[in-house]
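Asks: Take a look at the letters that make up each chain.
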Amino acid sequence: MRLNEIISGKRRKVIVLITLFVFMMLFILPLITIVVKSFASDWKWPILFPRELGLDGWEVIFSDPALVDSLITTLKLGIMVVLLNLIIAMPAARALAMYSFKGKFLIEAFLLSPILIPGILLAMGLQYTLIQFGLADRLSGVLLVHLIPTLPYSIRIMRAGYERLGKGLIEQAAVLGSGAVARFFTVSLPLLIPSIRSLMLLTFVISLGQYALTAIIGGGVVTTLPLLYYPYFSSSNEAVIAGFSLLFALLPLLFVGVAEIALRAVIRVVNRI
Amino acid sequence: MNDLIQCNQLTKNYSGEPILKGVSFSLKKGEHATIVGPSGCGKSTLLRCLAGLESIDSGDIMLNGKSVTKTKPEKRSIVLMFQDSLLFPHLSVLENITYGLKRKKVPKKERISEALDMIQKVKLSPWKDAYPHELSGGQKQRVSLARALVLKPDLLLLDEPFSSLDASLRESLRGEVKEILREENITSLFITHDRDEAIELADMLAVMNEGRLIQQGTPYDVVTYPSSTESARIIGEGLPLEKGFVPQHHITAIDPHNRVQNDQELVSIPGKVTALTVKNNSVCYRVSWEGGTILVPSEDKLEPGQDVVLKAAHVYPYDRNGREWSNTP
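In order, the protein sequence lines correspond to chains A and B. Taken in order, the first sequence gives residues 1 to 273; the numbers are from my numbering. Taken in order, the second sequence gives residues 1 to 329; the numbers are from my numbering.
Same shape as in the complex, but just chain A (with noise of 0.2 Å):
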């Protein structure tokens, strides 16, 4: 018997109502609280609802002197990890879901060990070789260092992507006249979207959270937003931390919606008629 034959109607809009209501407490009304809270200068529990708004709590974020600096250099560095993790990924990705080879399982494991190690770890380590290369406190270093939390996740999700797009569509194309680039832009790009799109989001916030492998191997030097974050999670002032972690959340959504518009820019003008 199916669901909605068993449950009445007008039971069938309550129970709807009510999972509403739980995801509306689970997500948005954080989200709220949040936005809210950035704009209240004190509003601390039990007190429900804010006394007074203001934008004192903007203005100390804002009046940093390195907020600009570091809001640039997580971008850059941001958008980097995507491209080199998009680099990377796909071609190994694309091997892995289509070719069977000598060695497969050997270079699988190895692609997703970085998983299983804890990144501090690894970044301790590779502090000392990046010094010798010269890529230590610079933000080349924080880049590499960057792709060894997300390129395992990367990899995964592409290989996903190329599993299901086959090798079908990809035969089809070439024997219709399209060659290498064309197929990869006419065919395989617009239907791996959502795998790259989980890729870009994924991969972005992972490498926006590394606070430990960017003071290690940054040294300082290369900061980015959560070295200028966190350490104002030991003052009082909620409002500032509130207005931070907007900052921190809009960031990815902002970097995915661009990076998507440009990418069906792009799928539009390769498959016009």
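No lab work stands behind these hints, which were simulated from the structure alone. Don't take every hint at face value.
[To be verified] Once the Cα atoms are required to be at most 27 Å apart in a straight line, the calculated DSS-like pairs of lysine-lysine come out as:
hint	chain 1	residue 1	chain 2	residue 2
1	A	K102	B	K70
2	B	K21	A	K167
3	B	K72	A	K102
4	A	K167	B	K75
5	A	K167	B	K152
6	A	K167	B	K104
7	A	K167	B	K128
[To be verified] Residues of chain B placed beyond 12 Å of chain A at every Cβ, according to the derived structure:
hint	residue
8	G16
9	P38
10	H193
11	S228
12	T229
13	P247
14	V267
15	R286
16	E290
17	P297
18	V309
19	H314
Here a beta-carbon is modelled for each residue, glycine too, at the ideal position from N, C-alpha and C.
We have chain A; now place chain B onto it with these hints.
Replies: Chain B only, in chain A's frame:
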């Protein structure tokens, strides 16, 4: 007339296992050939090699007198239509059909007009803006055919394109495809494991088994005079015997009591009726015998399970010579 395509001694191995064992054949412009053979005999691999999707280990593929053995698939004027329609899901019917024309840099106006013409030929005009998920299985295969034909390839390869469709649709669609291929004068090579389909679509028919083309000829010759028991079992409707082949139409009787005593009858084979069926408006019985099963028309009333004797007056000796498809080495 020169050959459009000529394949010489093609071989292909997968992990040491031979898949193609020296396949040779040639086709002239406008010919419609079919290769029939059981699953796993190497038919699809042969087509993939011709299309350039697989490399061959040895041999040569000549298209219009030039070797294309090492040419990439996108540079060969050979289009392969797969078992599944493989339409691009993010493109509409019109966009799918113009896909190849765009890659060939055909001007926009021209490619749209050519695609619309082809859409009309495959009777899909009302669906030109539809997306693949909105189409039925038969419509998808029509789009796939239109997408291949609009490119006017030198050779169209069809890899069992109707196998996923139901029987009646398959029958009507293969008639349509045959007509369109003739209208467009496109040389085609069709592979199937379905005997009826192979015979209906072919001007020239080849039988493939275990990586070899074991017989080539006109459909009538191949079906009536199989060159070996192997070929007879795959394609011939009749009785493949050791001393020769008895075509189905030479089976003179299904005798339930083995009563007929006629000197002219060379063959008397015991069998058992397994099922009753109707083919071409005639009552037929499927009779199993020691060499397999055969469908025989009969006006007698027989019951499944009944022992019978198949009788025939002619046995054709297997003959490899004189019925070759073309200038096969």
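Asks: Check the non-interface label on T229(B): least C-beta distance to chain A beyond 12 Å or not.
Replies: holds (37 Å)
Asks: Checking the smallest CB distance to chain A, is E290(B) really beyond 12 Å?
Replies: E290(B) clear of chain A: closest Cβ-Cβ about 42 Å, beyond 12 Å.
Asks: Does S228(B) clear chain A by more than 12 Å, comparing its Cβ with all Cβ atoms of that chain?
Replies: holds (34 Å)
Asks: Is K21(B) close enough to K167(A), meaning Cα to Cα at most 27 Å?
Replies: Cα-Cα ~26 Å, so holds.
Asks: Would the pair K167(A) and K152(B) pass a check requiring their Cα atoms to be no farther apart than 27 Å?
Replies: OK: K167(A) and K152(B) at ~24 Å, within 27 Å.
Asks: Taken at face value, is the distance from the CA of K102(A) to the CA of K72(B) at most 27 Å?
Replies: holds (26 Å)
Asks: Beyond 12 Å on every Cβ pair: is that true for V309(B) relative to chain A?
Replies: Given a closest Cβ separation of 50 Å, the condition holds.
Asks: Straight-line Cα separation of K167(A) and K75(B) no greater than 27 Å?
Replies: OK: K167(A) and K75(B) at ~19 Å, within 27 Å.
Asks: Quick check for students: does the CB of P38(B) sit more than 12 Å from each CB in chain A?
Replies: holds (23 Å)
Asks: Hey, is G16(B) genuinely clear of chain A, shortest beta carbon separation above 12 Å?
Replies: Holds, since 14 Å exceeds 12 Å.
Asks: V267(B): least C-beta distance to chain A exceeds 12 Å?
Replies: Non-interface label stands for V267(B): nearest chain A Cβ at 48 Å, farther than 12 Å.
Asks: Does the claim that H314(B) lies outside the interface with chain A hold up, using a Cβ gap greater than 12 Å?
Replies: holds (46 Å)
The structure agrees with every numbered hint stated previously.
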